[in-house]
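*Asks:* Chain residues, written in single-letter form:
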Amino acid sequence: MPGFDPRAPHNDGVAPPLIQGLVGSGIERFSMLVGGFFRGVNERILLVLWFGGGAGLALLVLVASIAQTPGWEGVARGLFAGLFLGLLYLAGFGSLFVGYRRAARAETGGTPAPTSALELQLAATLRELDALRGDISKQIKQRSITRIPIGLLGGIGVWLLRQRADDPPGLGGLVLLLLIGAIAGERWAAHALERRYRRRYKDTVLPQLAGDLGQLTYRETSAERVADIGADRMLPEYDRIDADDQIIGTHAGLPIEIIEVKLKRRVNKKTRVVFDGLLVGIELPRRLSGTTLIATDQGMWERFKAEWRGGEMASVQLEHHEFEQRYDVHSTDQVEARALLTPAFMERFVALAAKSHFALPGAIADGNRLVVAMPKRPGMRDLFEPPAYWQPSGGRALTALQADIRTVLDFAETIMRLDFWAQGRLADAQRSVRQAT
Amino acid sequence: MSLVWWAVAGIVAVGSYLWYASIVRRRTRVFEALAGIDVQLQQRHDLIPNVLTIAKRFMEHERGLLAEITELRARAHQQVGERDLNKVGEKFATETRLGEQMGRLMMLAENYPQLRSDGPMIEAQRTYSEIETNIAAARRFYNASVGSLTNAVATFPGPLLKGLAGVREMPPFFQTADAARKPVDAGQYL
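Sequence order for the protein chains is R and F. Quick note: the first sequence uses this note's numbering, first residue 1, plus one each step. Quick note: the second sequence uses this note's numbering, first residue 1001, plus one each step.
Simulated DEER-style distance windows between Cβ atoms:
no., chain 1, residue 1, chain 2, residue 2, range
1, F, THR1028, R, GLY379, 46 to 52 Å
2, R, ASP242, F, PRO1159, 57 to 63 Å
3, R, GLU224, F, GLN1114, 50 to 56 Å
4, R, GLN325, F, TRP1006, 39 to 45 Å
5, F, MET1170, R, THR217, 54 to 60 Å
6, R, ASP410, F, LEU1160, 55 to 61 Å
Derived list of chain F stretches under chain R, where covered just means 3 residues or more per stretch with a C-beta under 8 Å from a C-beta of chain R:
no., segment
7, 1033-1044
8, 1133-1143
The set of hints was computed from the structure by calculation and includes no laboratory data. Glycine is no exception: its CB is placed at the ideal position from the N, C-alpha and C atoms.
In isolation and in its complexed conformation, chain R is listed as follows (with noise of 0.2 Å):
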């Protein structure tokens, strides 16, 4: 058997499904190609190209515009548009030139990822996942080889059957039905698998990943967790629940779990994503019996509903005005809220959201337990999410992924030191490292 080289690339022979390689490859190599150009020529020159091009451009629209239209009108209408289009061409240059420029110097400036030692430790399980990663590539093309034809002929029996309506698709129509066609028997082809090979990957790299950092490891989770850890009470109504990721063990001598949480919703026939972030949960060093609910503001109206229906959770009113402003705070113990709610810890939990990579947060403390969701800000990627099958198994991909474990990780100690008894605990166990070390 051959041993595992971590320097040799993984993804020889195993390449994407054809079409989508087909596209991929395109952008790629268009990119290169403007990479190339704005590496390759001297800086000046690009400097001379991005204002003196804008400027350029501006005045050519000016000067059409009074050949077009002579008098003022055509001078007011040529400065305005001139104006708008310099700055537009101003604005798409200089953001590819920073672009490709940032990327340049990170290219030449970065360090080589470390990633052998981690490539090392995981090879028996990046051995398994390549020889899957070949066989999956495999049955792909096999696949393929009956499902495309099959997608082919549905966009031409689409086609045949438009013909007949008031305006029938002409040739153009016909080329993209077959491209969807031809995309869709390609999916359906591959998608089972590729879920499969993700699974797979997650199943076996993550745990290790997770144990490398300390007494953690990663399961598979389900939306049932998310309504048994009681975060239901504080997150928005929803239908669907994608929840498949969770980090879980012992950090600094707590008890902790992170799930990764997407919620969605239906409304007016739109299927809208009403929360996507973490929740985090942590066992507190602490003898508490309630349940304070924290919930972001929801309008006098709202606190108003909420005081006539009474219930068992109480409204707590609490000192921090920053705090008050932007959360309302509900729970069965008056006391025991406030124990929680130090000024300390309404401090820092208002400098979250101001601090992190995450929106406004919310919380609950059942007992012990406090689970605190933090919606992603707009943009932010999907965490935990392992390589295609088509790239390679190591390098970049399981870097990425410690990458994400110790954000969250990062993100936990945050947590941890609202609370001043496991902020306590955080600073023991971090003693003891240092001591061992």
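Start from chain R and add chain F according to the hints.
*Replies:* Same frame as chain R, but now just chain F:
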């Protein structure tokens, strides 16, 4: 009397009733908060004999402090459940003094290595810290309730309705000791 006057009288009556109900609710909440403080103080009183028993074994030189704590604890214990608002201030003063002396004891315990490493003492200190946190939380709840009642009573038509709502004298705020408000002299500790 025209319909407008009837309407105005009706609005005034409903408004006054709602204000009266609000004062009653806030007054009840003050007593609820007072009971909350008592629960936490009771826990403190239950723990103190255990702490003193452990401390006596090691802190021979602090007999005066231990005796004072015993005396304060006995006095404070008798005041638990006090609902006479004239005497509540006195009860708070005793508890504040007891808290100060216990704090001093915990600080002095740091000078006794045997006591510092004693398992039951470590557990007692942990429990004591937790109880102190809860007492502080109960005080905050009480002070928030007193503040809310004071606002309701001081704002018109509160002064007219407070007698009807059973608020004869205002409950005192739970204030920290003067010593705690003084600036810290780092020289004493270095």
